[in-house]
Amino acid sequence: MANNNDKPAIIIAGMHKWYGDFHVLRDINIEVKKGERIVVCGPSGSGKSTMIRCINRLEEHQQGTIIVDGIELTNDIKKIDEVRREVGMCFQHFNLFPHLTILENCTLAPIWVRGIPKKEAEEIAMHFLEKVKIPDQAMKYPGQLSGGQQQRVAIARSLCMKPRTILFDEPTSALDPEMIKEVLDVMVELAEEGMTMIVVTHEMGFARKVADRVIFMDAGQIVEENTPAEFFDNPQNERTQLFLSQILH
Amino acid sequence: MTTETKKYPAGMHPVLPPPSGSVGPVRWMRDNLFSSISNTVLTLLGLYLVYIIVPPFIQWAFIDSVVVGAESRKECLAIMGEDRGACWSFVYRRWGQFVYGFYPVEERWRVNVAFILAAFTIAIVLVEKLRNDKRILIGAILLPVACFFLITGSSLFGLVSVPTNKMGGILLTLIVGLSGIFVSLPISIMLALSRISKLPIFSIFATIFIEFIRGVPLITLLFIASTLLSYFLPPGSNFDLLLRVLIMVTLFSAAYIAEVIRGGLAAIPTGQYEAADALGLSYWQSMRLIILPQALKISIPGIVGSFIGLFKDTTLVVIIGLLDPLGIGMAAISTTEWAGLSTELYVFIGLFFFIFCFSMSRYSLHLEKKLHTGH
Ligand SMILES: Nc1ncnc2c1ncn2[C@@H]1O[C@H](COP(=O)(O)OP(=O)(O)OP(=O)(O)O)[C@@H](O)[C@H]1O
Ligand SMILES: [Mg+2]
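Chains R and H supply the protein sequences, listed in that same order.
Once you know that position 33 of the first sequence is 32 in numbering that gives the first Met the number 0, the rest is easy, because the numbers rise by one and skip nothing.
Once you know that position 48 of the second sequence is 47 in numbering that gives the first Met the number 0, the rest is easy, because the numbers rise by one and skip nothing.
Everything labelled a hint here was simulated from the structure, so no lab data went into it.
Even for Gly, the Cβ is constructed at its ideal location relative to N, Cα and C.
Hints may be right or wrong, so weigh each one.
Unchecked claim - Some, not all, of what chain R presents toward chain H, calculated at C-beta under 8 Å:
1. His92
2. Val112
3. Ile115
4. Met160
Said to hold, decoys possible - Taking lysine-lysine and the DSBU-like style, the derived pairs with C-alpha atoms no more than 35 Å apart in a straight line are:
5. R:Lys161 - H:Lys197
6. R:Lys161 - H:Lys296
7. H:Lys128 - R:Lys132
8. R:Lys77 - H:Lys133
9. H:Lys369 - R:Lys161
10. R:Lys118 - H:Lys369
11. R:Lys78 - H:Lys197
12. R:Lys117 - H:Lys369
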């Protein structure tokens, strides 16, 4: 374990991806250390979602390597499942399972993927539901919760698998303004506990507060990569400057 | 408006009952039956239709009818005299045949026991509380096997074997209908999953199979079962006719239900598949735990519709010489004693099918309500 600790959590090297003829990701290189918090931003259609979805193989890359926790992603289903067990993901539209209660949403994967006994899985689930501050909703169905509550459940559901890394794909962009804060608060707390996080978001306050590094993507490439302070106050690339001027008004 | 509106301090308004006249049966009738002139006319017309149809039918079917005591249609008419009611006597006299077909009389108790076991099985499948207990669930698998041995017989248990051509009537309908329903559901799920599979072998096979079966009338398939199959089978092999019919009926409804389920699968957002994948669930786990429960729920009305269709289609086996209740009845009314009783026969058969199909339909509504989780 000890020598595992200095291995990077995620290595993406020379990665390319095409949708048919469309070259959607071009030569992506990222190294994420354990416990590091990365914020990814960029204009719509620049390939942010595609990039982080490659990390847990929801999308397949065609060239280059992606290594997660020392496991290289190939067509090997076993390796893919191994990576997915250790990498949680929260989606823009939450994607909770509507036919299961909140508690069942949270215990499903621990029970079936990790083989944890039901009782124990429920205890773990309640622990994380408390952490995201909605233990009282455990017996309800997702359809009965507000968007902000659903997203917090989605975060708890990921946490129940005790992942080493969590990927967030615009977790607040489908939410009403008054709910954004409750989700960001949970994410900030996670970041403070040292979870490795890759967050696609346009919440620049969040980026400033917790990110170790901000990655700016445009047209399928990484255009700029810097600490939040440098990134926001002293952007180098003119595309970054343009993007920031638009997003910060 | 005489209601005085009291003023309450801001935020202190109490909960009040609704004003009188806005709820209750009178209000309901005014809203639903007499809300406009055309609506009122339709309501009165409906009441008139009920008036001219229902009382005469009750008179015919119950009040003036004869059930016991007549040995033939002539005796029926003699008993009834002037009032021409229904002559149910042939149903009463031939009740045994209607239920068991030509199953040996001294062995009929076996069928009765099998009916009871089948009822238990259905209860286990339908009632959630029973289904949750693993031991009882195993019963649901063993009971049909027991039914099979009871009905066909087995020297192992000292039961005389009864050839399938002796089975008829309600027994035959239930054998074909129930085994068709229980076997076709899993097959149709596999077909639907194959059809949307990314692997071409599966999807091509499933597509060809489904389109072939759906493109051919069931009667044709039944004829194939009764005649053509003998050419393919090695000479001398005795492949039971009832079994062949069962296979054909099952495949037929499986193809239809597969398409219904495919529709349900298509309605599941990709986000559900992605969330399941992202959590590390395997293909079969995500299908079983996430995708199918939702897809099947959407498909319930369509699936039950297909089941009802299958159940009624069992009457088609008459054409290849198997005697379901309709066949038994038609044989009965072509005898000299009962000739001319076709109305009674079709009302009786209609009622029999209606009871089963209507129950299925109600259960499906109940299931839809129960599975509704507010999304
Ligand atoms: N399945 C697909 N097939 C073809 N093209 C796709 C597919 N998914 C995405 N694309 C295209 O790839 C590009 C990158 O999409 P992606 O969703 O990664 O962008 P994004 O940066 O996440 O944008 P947004 O901020 O709008 O979410 C877009 O131009 C999009 O149209
Ligand atoms: Mg996106």
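Structure-based check of each hint:
Residue-level restraint check for His92 of chain R holds (minimum Cβ-Cβ distance to chain H is 6 Å; threshold 8 Å). With a least beta-carbon distance of about 4 Å to chain H, the hint placing Val112 of chain R at the interface is held under the 8 Å criterion. At its closest, the beta carbon of Ile115 of chain R sits 13 Å from a beta carbon of chain H; the interface hint therefore is violated under the 8 Å criterion. At a threshold of 8 Å, the smallest CB-CB gap from Met160 of chain R to chain H is about 7 Å, leaving the interface hint in force.
Under the criterion of a C-alpha separation no larger than 35 Å, the hint pairing Lys161 of chain R with Lys197 of chain H is consistent with the structure, at around 31 Å. Restraint check for Lys161 of chain R and Lys296 of chain H: the C-alpha separation of about 31 Å stays at or below 35 Å, so the hint holds. Under the criterion of a C-alpha separation no larger than 35 Å, the hint pairing Lys128 of chain H with Lys132 of chain R is consistent with the structure, at around 33 Å. Taken as a hint, the Lys77 of chain R and Lys133 of chain H pair is honoured in the structure, with Cα atoms around 31 Å apart against an allowance of 35 Å.
A distance of roughly 33 Å separates the Cα atoms of Lys369 of chain H and Lys161 of chain R; the hinted pair therefore holds under the 35 Å criterion. For a cut-off of 35 Å, the pair hint linking Lys118 of chain R to Lys369 of chain H stands: about 26 Å separates their Cα positions. Note on Lys78 of chain R and Lys197 of chain H: the hinted pairing holds, with a Cα-Cα distance of about 20 Å set against a maximum of 35 Å. Between Lys117 of chain R and Lys369 of chain H, the direct Cα distance comes to roughly 24 Å. Compliance with the 35 Å bound is thereby established for this hinted pair.
The structure fails hint 3 only (numbered hints given earlier).
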